[in-house]
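Enquirer: Take a look at the letters that make up each chain.
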Amino acid sequence: MAGPSTLELISLTKRYGTSLAVTSINHKFRSGSYACLLGPSGCGKSTTLRMIAGHEAVTSGSILLAGSDISHLPPAKRGTAMMFQNYALFPHLSVLDNVAFSLKMKGVDKPTRHRRAGELLELVDMSKFGARLPAQLSGGQQQRIALARALITQPQVLLLDEPLSALDPFLRIRMRTELKKLQRELGITFIHVTHGQDEALALADEIVVMNNAVIEQAGPAREVFNAPRTKFVAQFMGGHNVIDLANGPVAVRSDEVSLTDVGTGVLPAVVTAIEYQGAHVALMARAHGAQDITAMIPEATFFSAPKEIGQPVGLTWPADRQHALAG
Amino acid sequence: MTIAGTKSGAGSVGPLRKSSGIKGRPGLVGWLMASPLVLVLVLFLVMPIIMIGTVSFWRATEFSIIPAFDFENYSFLFGSPVTYSVFLNTLKYALITWAVTLTLGYTVAYFLAFHVRSLTWQIVLFLLCTIPFWTSNIIRMISWIPFLGRNGIANSALLSWGVIDEPLDWLLFSDFSVILAFVHLYTLFMVVPIFNTMMRIDKSLIEAARDGGANGLQILWNVIIPLTKPGIMIGTIFVVTLVMGDFVTVRIMSGSQSANVGRLISNDIALLQYPSAAATAVVLLCSVLIVIGIFLRFVDIRKEL
Numbered sequence: 298m299a300g301p302s303t304l305e306l307i308s309l310t311k312r313y314g315t316s317l318a319v320t321s322i323n324h325k326f327r328s329g330s331y332a333c334l335l336g337p338s339g340c341g342k343s344t345t346l347r348m349i350a351g352h353e354a355v356t357s358g359s360i361l362l363a364g365s366d367i368s369h370l371p372p373a374k375r376g377t378a379m380m381f382q383n384y385a386l387f388p389h390l391s392v393l394d395n396v397a398f399s400l401k402m403k404g405v406d407k408p409t410r411h412r413r414a415g416e417l418l419e420l421v422d423m424s425k426f427g428a429r430l431p432a433q434l435s436g437g438q439q440q441r442i443a444l445a446r447a448l449i450t451q452p453q454v455l456l457l458d459e460p461l462s463a464l465d466p467f468l469r470i471r472m473r474t475e476l477k478k479l480q481r482e483l484g485i486t487f488i489h490v491t492h493g494q495d496e497a498l499a500l501a502d503e504i505v506v507m508n509n510a511v512i513e514q515a516g517p518a519r520e521v522f523n524a525p526r527t528k529f530v531a532q533f534m535g536g537h538n539v540i541d542l543a544n545g546p547v548a549v550r551s552d553e554v555s556l557t558d559v560g561t562g563v564l565p566a567v568v569t570a571i572e573y574q575g576a577h578v579a580l581m582a583r584a585h586g587a588q589d590i591t592a593m594i595p596e597a598t599f600f601s602a603p604k605e606i607g608q609p610v611g612l613t614w615p616a617d618r619q620h621a622l623a624g
Numbered sequence: 142m143t144i145a146g147t148k149s150g151a152g153s154v155g156p157l158r159k160s161s162g163i164k165g166r167p168g169l170v171g172w173l174m175a176s177p178l179v180l181v182l183v184l185f186l187v188m189p190i191i192m193i194g195t196v197s198f199w200r201a202t203e204f205s206i207i208p209a210f211d212f213e214n215y216s217f218l219f220g221s222p223v224t225y226s227v228f229l230n231t232l233k234y235a236l237i238t239w240a241v242t243l244t245l246g247y248t249v250a251y252f253l254a255f256h257v258r259s260l261t262w263q264i265v266l267f268l269l270c271t272i273p274f275w276t277s278n279i280i281r282m283i284s285w286i287p288f289l290g291r292n293g294i295a296n297s298a299l300l301s302w303g304v305i306d307e308p309l310d311w312l313l314f315s316d317f318s319v320i321l322a323f324v325h326l327y328t329l330f331m332v333v334p335i336f337n338t339m340m341r342i343d344k345s346l347i348e349a350a351r352d353g354g355a356n357g358l359q360i361l362w363n364v365i366i367p368l369t370k371p372g373i374m375i376g377t378i379f380v381v382t383l384v385m386g387d388f389v390t391v392r393i394m395s396g397s398q399s400a401n402v403g404r405l406i407s408n409d410i411a412l413l414q415y416p417s418a419a420a421t422a423v424v425l426l427c428s429v430l431i432v433i434g435i436f437l438r439f440v441d442i443r444k445e446l
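First to last, the sequence lines map onto chains A and B. Those letters in the first sequence? Residues 298 to 624, by the working numbering. Those letters in the second sequence? Residues 142 to 446, by the working numbering.
Bound-form chain B, shown alone (with noise of 0.2 Å):
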């Protein structure tokens, strides 16, 4: 299909070459057309990951910023202790968060594409996930306060029901109401991709696999498992780097008790410490790009996109 298309684009063109001067040069047509993109890309991507890897090397006390070159900042960030426990806590939270939203996600998903019969009720079913998104992540946690606090309607349910004796501390402000928060804000990332890739499934690879003796679970492992994916590992992208690059969740649903590698980079800024934070962020984002590596080592993901 491209070669056809590339040689009907040729042939169509060929005529032009002579009269019109900006035709004459195809190469820079190509850069014509491509730079509207490159111009966003490297304004908006491209500048600021630079300018962040630049100031990452200042120097800073605490009433200046000075343009330097040195280590300072980083050795001081692998100097400290606290680093590793907030980028273990950080990829706690990932890996915890993955788990869970996986498995939500590819329930869901799974329900849609295969119980769910009819479009209709797919479209209907679908529209309804996406319903809280229709808040902002911030009311959406904040909701949970009122929900989960020690007087709040899940103890004095538990309790009125005599399921407890006296409230759970660990419902709020813990780790737990956390990775709640966390699933709650981004199972939909994981149900959209799978369900997407789960749809494209023949429906006669299944027959197929019935009539090759597959029970339901032997379906879901051989044939429906190796054929999502790409749905996985794109839900996974999206969940690990939200969740790693997170900072107001932690915040709110700790009620500031924990802490990740999003709040100390806040917290720098908080501070003024531009530099600090800058080689926090270069070092997180270095993290990020090698968690995804190795997961695209597994899959590969490029004939969804």
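Isolated chain A, as found in the complex (with noise of 0.2 Å):
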């Protein structure tokens, strides 16, 4: 069942000379949703959606869009449109002209051009900066314009290269809020590339890990941050703890670690830092086999029994919180 605007990546792969940028990816990108590929640098999500967007050559394998083929096709023939991380804004065009630059490729006249153009600047609440150029403009601004350059070809796929990391955190927040809301009301599917979980996690509908050119896990977001399938998911999306237990090694949340009385506990350690962080107490602590755990504790929890750095305690967690992690 292929909707609009389902995306679908089969055996994808991409290689520079002798490496592998992307090996063999499969993914399918749910029509209308709202999908996040999140990794740390040079794992090969830049790459992919360069591929997708058709500004990078697919070495082998195909991307489908709605069921055809959109490998070869130049970029603006996909159904995709791609928002740049630096917005890549044309300096010399005023911001009207900015969003109206693929209508004048296409040969439409300058008043037909201009009115869509102001229909997407108020799509974006930019109308009343419609005659300056990109430099007067704040980077929270140049962001929305390059959203109404990129929606104005009416994309399928909308394609964000890293869109919220060149703005402060404040603004990074405000603008993700934004982009969802808009992702809701267009309807399409968002392709968004990040590096950050946090952003990750509030924005996606569905989230693929990437790591060395492979995907390590995708799925919807509560899914991946509380059973990561690997060691390297665990770690990346944070607030775990990766165990080695006699049986393999396991992933717990940190806030699922609880303190009991040395002896009583699954894991004895030796407390080595203590920090306090409003809501929660985070410590720390080192188990056999040089392990270092960290238990998120409920500020109310620590204080009726507060620790001692260098004291023992004994480390516990529900046993049905415990995942099983692949490597």
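No lab work stands behind these hints, which were simulated from the structure alone. Positions of the beta carbon are idealized from the N, C-alpha and C atoms, including for glycine. You may find that some hints are simply not true.
[What the hints assert, rightly or not] List time: in silico EDC-like cross-link candidates among lysine to aspartate or glutamate, alpha-carbon distance up to 20 Å:
(1) A/K403 / B/E348
(2) A/K401 / B/E348
(3) A/K478 / A/D422
[As the list claims (entries may be wrong)] Over 10 Å on every C-beta distance to chain A, these chain B residues come out as not near it, computed from the model:
(4) V187
(5) G194
(6) L218
(7) N230
(8) V265
(9) F288
(10) F439
Using the supplied hints, reconstruct the complex from the two chains, each of which is provided in its own coordinate frame.
Expert: Here's what the structure looks like:
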């Protein structure tokens, strides 16, 4: 069942000389979903996005949009649009002309394309700035223009390459709310590349975690966070302890770990550091085999029985909250 | 950035003010720091121009130059039809050379900046362009003569291929050879500034244009040319001023059959008619400034400097 903007990657591969940037990945992005490609730098997420956009040639494999192969079409013929990391606004064109650029390339006459561009500026709430040059706008404003310019082509899939990384933290949170809202209004597929797991968790219906040119895990945000399949995912998503037990490595959320008396818990350990973080106290403890484990203990619980550095404690967690890891 | 710079600068100078005499007057420090350059410019730029301006009003006979203030030189210059045809000829050379060097230079720069992918090859090919500059202008000009002459390499090759039946006369000592030499000498002055502005174009702008559906020609016309305008303008200023001020190329390559303003001046100097030469020079200077002034109305080159 392929919706109007279902995007499917089939053993997609990118090779630069002898090194593989993307190794035969398969994935299906649901129509109208907000997906995040998440991973550390150099993991192949940007290359994947650029292959979908058509700015990078596919070495092998294919990309299907709504069931038809788009892997060898030019960027503008694919039904995708890309928003670039640094926005890539044309510095010599006014905001209105930037937004109207693709219509101008199609040969749409000036009044029509300016009217359409005006509508999109309305959509991103930038109508007042049509006559300005990009250099006269703030980062957040430039981003909205870049968004309007990408959306004027009426894409089925919008590709966003680290769209929030150039903004300050405050603006980043505001803009991500707006991105999510816009995606819901338009109902098209958004594929958003990021290296920030908090950004991915906040935005995505679906998170695709990549590492070393392959997809490590893909699924709904809650599933990826709560049930990481590999050691890498558990560590990259954060908030998890990866613990080597007798029957293999497991992941345990640090807020599931609690303290008991020495000898009664799952794991004996020695407190190495205590950090007050407001709602929680982060307690770092070292278990046998030099394993560092973090326990996020609710503030009130911790101060009802405070611990000292160097004090031996027992660590425990509910048995059904630990997940066996693949490696 | 400027504001932050001045602030920290003022902060560090502040405590020193009481103790040190020279730093007590910031105006004086500024003048002292600017003075070497001012001195050089006054000595070598302002003074000579004033001198030329002054001499252009002097009077000259066959054997003497008399300090005076009259407009005889100018009225003679503007009254003679030769002046107009020579100025027109100079402008013609400038215009044709500009058009050819711009086309060639832009193509070369575009190739270097957008088709040569590796930096090493860009540097190698760029240096290759500068090799002709290792010899003097005169030698490069003279080396065209055996090539283009009536019995030169070009004519004999064309004859032996059967393209022509008799040698072409217009290859050498003609407007063609003058412009050929100009193009040969000055194309690099077009390539360098244009290449420089092209290298500063963010590659993602080209991708963004392609994403918006632009084809190669549309990208060139709508993105690359508008963004390289300052480079084009700087190259234009180089080429136009060099061609308009030239006199050697025209003399050698036209076999003394064509004239431009530079030759008019050099002839006057050869006849020791300094006041007349000075007046012609002033008029030439003004016309070059007007031409550049017109160019600058179209493009703001300040951000490139």
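Enquirer: Any of the earlier hints contradicted here, and which numbers?
Expert: none
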